[in-house]
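Asks: Listed below, chain by chain, are the residues.
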Amino acid sequence: DQQVKQNSPSLSVQEGRISILNCDYTNSMFDYFLWYKKYPAEGPTFLISISSIKDKNEDGRFTVFLNKSAKHLSLHIVPSQPGDSAVYFCAARPYNTNAGKSTFGDGTTLTVKP
Amino acid sequence: ETGVTQTPRHLVMGMTNKKSLKCEQHLGHNAMYWYKQSAKKPLELMFVYNFKEQTENNSVPSRFSPECPNSSHLFLHLHTLQPEDSALYLCASSPIVGTGNTEAFFGQGTRLTVV
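Going line by line, the protein sequences match chains A and B. Take the first sequence: its letter number 79 is residue 79 in the working numbering, and every next letter is one higher. Take the second sequence: its letter number 102 is residue 102 in the working numbering, and every next letter is one higher.
Simulated from the structure, these hints should not be mistaken for lab results. Keep in mind it's a predicted model, so treat the numbers as computed, not measured. Among these hints, one or two may not hold up.
Each computed BS3-like pair below joins lysine-lysine, with the alpha-carbon atoms no more than 30 Å apart [claimed, not checked]:
hint, chain 1, residue 1, chain 2, residue 2
1, A, Lys56, A, Lys71
2, A, Lys113, B, Lys40
3, B, Lys40, A, Lys68
4, B, Lys36, A, Lys68
5, B, Lys22, B, Lys52
6, A, Lys101, B, Lys40
7, A, Lys5, A, Lys71
8, A, Lys71, B, Lys41
9, A, Lys5, B, Lys40
10, A, Lys101, B, Lys22
11, B, Lys22, B, Lys40
12, A, Lys101, B, Lys36
All chains, full assembly: derive it from the sequences and hints.
Replies: So, in structure tokens, the structure goes:
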């Protein structure tokens, strides 16, 4: 049973518009959530995170929203830029565990068209 | 050198070969990890090392043998692999648990092809 799911394998948006990437989780023990970004031929890099005590965290063009009751989080990118084209992984873990022990989703490939 | 460095970047090996993947981190972290990413599958955590000690082995076949001589270096020794072991192998490091909001730092990965 996959505990972190990203149901959209791919997403295509126009430059300047909003990109919304979604993630669902099933494990109630997860209380820390992260988004990683991966370019081809590179490892994933951390993008933004949120703990379960918050429902929103913003960092520049990137905002993560958490809906604990629905076990759902989303990443908003506004405005989207061509350089944002990458694979985005959602990850989750209990807060008091090793940072590398997150459970990852399958990833969503974002393409931002000029 | 900065961050997490993995070598080699690409590796093609036969099923009877023995090879090793190397990972080195320059971040002062005390936890290191091996992940496997197969096509169209999520990252799978293979091994966890805290302060050079293996603390987790997620049912990984014995043909994969990790080694952590110190907190900065991690190896994955490969022996008699199968074609289905072909994947991207990622190394990561992080501060040990208890240091607050943290994330893992990944290397660029080794693309392994078993023929």
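Asks: Straight-line Cα separation of Lys56 of chain A and Lys71 of chain A no greater than 30 Å?
Replies: 14 Å, holds
Asks: Take the C-alpha atoms of Lys71 of chain A and Lys41 of chain B, compute the straight-line distance between them, and say whether it is at most 30 Å.
Replies: Holds, at about 21 Å.
Asks: Please work out if Lys40 of chain B and Lys68 of chain A have their alpha carbons no farther apart than 30 Å.
Replies: 27 Å, holds
Asks: Does the alpha-carbon distance linking Lys101 of chain A and Lys36 of chain B stay inside the 30 Å limit?
Replies: 13 Å, holds
Asks: For the pair supplied as a hint, Lys5 of chain A and Lys71 of chain A, is the alpha-carbon distance within the 30 Å limit?
Replies: 11 Å, holds
Asks: Taking 30 Å as the top limit, are the C-alpha atoms of Lys101 of chain A and Lys22 of chain B close enough?
Replies: OK: Lys101 of chain A and Lys22 of chain B at ~20 Å, within 30 Å.
Asks: Holds or violated: are the alpha carbons of Lys22 of chain B and Lys52 of chain B at most 30 Å from each other?
Replies: 15 Å, holds
Asks: Sort out whether Lys40 of chain B lies within 30 Å of Lys5 of chain A, counting only the CA atoms.
Replies: 13 Å, holds
Asks: Going straight from one Cα to the other, do Lys36 of chain B and Lys68 of chain A come out at no more than 30 Å?
Replies: Between Lys36 of chain B and Lys68 of chain A the Cα gap is close to 29 Å, so the pair holds against 30 Å.
Asks: Hey, Lys113 of chain A versus Lys40 of chain B, does the alpha-carbon distance stay inside 30 Å?
Replies: Distance ~23 Å between Lys113 of chain A and Lys40 of chain B Cα, so the pair holds.
Asks: Quick one, are Lys101 of chain A and Lys40 of chain B close enough, alpha carbons at most 30 Å?
Replies: 20 Å, holds
Asks: Quick one, are Lys22 of chain B and Lys40 of chain B close enough, alpha carbons at most 30 Å?
Replies: 25 Å, holds
When each numbered hint is compared with the structure, no violation occurs for any of them.
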